[in-house]
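Chains A and B supply the protein sequences, listed in that same order. For the first sequence, counting from 1, position 249 maps to 249 in the numbering used here; every step adds exactly one. For the second sequence, counting from 1, position 234 maps to 234 in the numbering used here; every step adds exactly one.
Each hint should be verified, as a subset may be incorrect.
Pulled from the structure, derived: some chain A residues nowhere near chain B, Cβ distances all over 10 Å [unchecked claim]:
#: 1; residue: N39
#: 2; residue: D128
#: 3; residue: E284
#: 4; residue: N326
#: 5; residue: H366
#: 6; residue: S406
#: 7; residue: F436
A few chain A residues that face chain B, going by a derived Cβ cut-off under 10 Å, partial list only [stated by the list, open to error]:
#: 8; residue: V6
#: 9; residue: L7
#: 10; residue: T204
#: 11; residue: N220
#: 12; residue: D222
#: 13; residue: T299
#: 14; residue: D300
#: 15; residue: P338
#: 16; residue: P368
Straight-line distance between alpha carbons at most 20 Å, and here's what the computed EDC-like set of lysine to aspartate or glutamate pairs gives [said to hold, decoys possible]:
#: 17; chain 1: A; residue 1: K335; chain 2: B; residue 2: E145
#: 18; chain 1: B; residue 1: K195; chain 2: B; residue 2: E161
#: 19; chain 1: A; residue 1: K263; chain 2: B; residue 2: E161
#: 20; chain 1: B; residue 1: K109; chain 2: A; residue 2: E394
#: 21; chain 1: A; residue 1: K263; chain 2: B; residue 2: E265
#: 22; chain 1: A; residue 1: K263; chain 2: B; residue 2: E119
#: 23; chain 1: A; residue 1: K280; chain 2: A; residue 2: D264
#: 24; chain 1: A; residue 1: K335; chain 2: B; residue 2: D129
Keep in mind that the hints were calculated from the coordinates and are not lab data. The beta carbon of each residue, even a glycine, is placed where N, CA and C say it ideally should be.
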Amino acid sequence: MSQRQVLQVFEQYQKARTQFVQMVAELATRPQNIETLQNAGVMSLLRPLLLDVVPTIQQTAALALGRLANYNDDLAEAVVKGDILPQLVYSLAEQNRFYKKAAAFVLQAVGKHSPQLAQAIVDCGALDTLVICLEDFDPGVKEAAASALGFIARHNAELSQAVVDAGAVPLLVLCIQEPEIALKRIAASALSDISKHSPELAQTVVDAGAIAHLAQMILNPDSKLKRQILSALSQIAKHSVDLAEMVVEAEIFPVVLTCLKDKDEYVKKNASTLIREIAKHTPELSQLVVNAGGVAAVTDCIGSCKGNIRLPGIMMLGYVAAHSENLAMAVIISKGVPQLSLCLAEEPEDHIKAAAAWALGQIGRHTPEHARAVAVTNTLPVLLSLYLSAESSEDLQIKSKKAIKSILQKCTYLPALEPFLYDAPPNILKHVVGQFSKVLFPWIFRNTSAESGQLPTTY
Amino acid sequence: MATLARLQARSTFLAQQYYFRNSVVDIFRKKEYDAAVKIQSWFRGCRVRAYLRHLHRVATVIQKCWRGYLGRQQYQLIVKLAFCSMKMNLYNAMAVRIQKQWRGYRIRKYCFNYFYYKEYLRAVSETNDAIREALEEFAEMKEREDKKADLERKEKKKGYEARKMHYLLSTKQIPGIYNSPFRKDPDPWELRLQKAKPLISQRPKVKKISVSVSNWPAYASPQVLPQPKILPPIDRKPCQGPFRDITEVLEQRYKPLEPTLRVAEPINELQAAREELRKQECMRNIHDDMFLPFSSYNKNKKYIPLMHSSSKYGPDSYGSQHFRDENPTKWLCNKEIKEDKI
């Protein structure tokens, strides 16, 4: 046979391999095919193709592996057990950018399922190579490496610490400043995942100078980017007063309030989460939020969403009102109480109702003025019915009982107390009657003691 | 005598009287003695009593003075105490007054300043209103921007479609589909088509031409070397006369070359492509020696003729010496074809 024909055989084989690997990669994009592929033993076929001579086949094989591992954790475990990871990590350091992207994608797909798999990735030394990839010129490679690091750091504090120890944080902060929006998004999400576990990790992120860059990017019009940035800032601010103060010093107010008017629901949710995390630490921080007009903005935001999106806003109002009576009065004049009672009445979920009940309790417990402001909106019967109904969860019952008790102990607004006399259980009825006596007794004493001698002063 | 008679008459009486008077004295001697004793004892008693009374009086005076002295002492003490307590009460009352004023002032100024509180709440509600307005404005502005962007996108798309469908423009002879003669006004698409510039095929995109010796014609093409953009000169007075607009002229004059396909590709494109392919293969190979077969049977290559033109007696001349049929009418017959009756 001629030389050409021999070469033709090799060419055919190469073509066949390329076709196979491209078809597998394409099939792996659809979830219904993956079961069939798994049963056909695709993993063992793809593994040698990773070491193929032709770079295109290597890259496509890595891409196919990544897509398969992305789908469920059995396949990801198969990737780990098949000792593919060390080979990937080794070749990550040397190959071209397409291969790096595909390999980083595989690492991300494996690492996202469970902490054990992420630990396996860390154990085979992938973190250093991923951090080296973060320094690459190509933005696609940086994106893939940043998302892999983010998924690894998401699971628990040890893994986050490992990511930080590999020196990823300064590079991620550099990635945030890059012009590509997708890269910014992923870097912000990775920083958010790192800083959410503990105050030390958040401090590390802050020390790398992340807050200033994150705060600048709040003005960016892209909604997904805003989501990630607000989430990152709220994860930083939630740990301690100092971190919250640093976030506030980056002059996020009143820009953050514009995010509460965004069309994207999750941007609104993350913005109200950020404001909640700031306001919950000290009365001074809550004061700052109130002075910037945050309470009105959050109240409007609560009014414009439904469901779980509202929850951080409701909790924020509760935290602000809990600090002092001036702040509770500020919440009342910002029309927070009608909004909260609306939430209490119309939300189907129990945990949101419990949060609304808690917030109302915090508002109404300070002085008779506050209790009157809460009672006037006719929420007390709603709270009572929630406490008494058998369908409410235990948490909801406890919270509504506490709210009723704390409001009733200060309430002197009699028309709101009257319905309670008819259908309240005895442990609440005693408070109601006590309040009635507090209001009525001085009146009786004043009006009858002059004529008919001294009434006994003990009652 | 008379007196004697009287005396004698009265002598018995006198004797009686003398007896009586002596006996009376005796009769009453005890009485008188008792009386005298009584009187004397009474008088002595009176004297003693007087003396006692005197003593009493004197003792009373002494006691009175002494008691007065003691009482005055007590009284001074009491007065002192009363005075002190009155003073203290006064001081307390004044202190209470001061404290009352101070506490009221302190609470009103520092702990719960009602007016400041009211002012603060008013300021907070004003800030809230301002923020609400600002946010609404922001939301409106965003919506307007979004709508504008949307409209622009739609316009661009329609413009692109109009450019692609430019051939549907109506001519003088044939009214286009958007300019039906039965309509009062032409369809807005017609106007858009009129305004649109016809879309010619895509200009060859400026490829990133790698600098290599093999593609020297690329140096000649105008896209490689950076062209300075020629702007129309400033402050040129429009020339008098029927001249065209200067920008149009310059645009036409400096229109970049759009060569035809034959000219755009270098003449030895095919050769260059083959060289490129050969070079790539060369790159992939581990070494440049060709894979030589084991035996040199290529030298003993025997020609294997076609089955069609070979027979026992050697090759057929058809196919190598002549290509036409020797007798074309060999297979023809004059009989008519019988049709099968179905």
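Each hint tested on the structure:
no.: 1; hint: N39; result: holds (35 Å)
no.: 2; hint: D128; result: holds (31 Å)
no.: 3; hint: E284; result: holds (15 Å)
no.: 4; hint: N326; result: violated (7 Å)
no.: 5; hint: H366; result: holds (12 Å)
no.: 6; hint: S406; result: holds (21 Å)
no.: 7; hint: F436; result: holds (27 Å)
no.: 8; hint: V6; result: holds (7 Å)
no.: 9; hint: L7; result: holds (7 Å)
no.: 10; hint: T204; result: violated (34 Å)
no.: 11; hint: N220; result: violated (13 Å)
no.: 12; hint: D222; result: violated (13 Å)
no.: 13; hint: T299; result: holds (8 Å)
no.: 14; hint: D300; result: holds (6 Å)
no.: 15; hint: P338; result: violated (14 Å)
no.: 16; hint: P368; result: violated (14 Å)
no.: 17; hint: A:K335 / B:E145; result: violated (30 Å)
no.: 18; hint: B:K195 / B:E161; result: holds (12 Å)
no.: 19; hint: A:K263 / B:E161; result: violated (31 Å)
no.: 20; hint: B:K109 / A:E394; result: violated (45 Å)
no.: 21; hint: A:K263 / B:E265; result: violated (51 Å)
no.: 22; hint: A:K263 / B:E119; result: violated (35 Å)
no.: 23; hint: A:K280 / A:D264; result: violated (25 Å)
no.: 24; hint: A:K335 / B:D129; result: holds (11 Å)
Comparing the model with each earlier hint shows violations of hints 4, 10, 11, 12, 15, 16, 17, 19, 20, 21, 22, 23; every other hint is respected.
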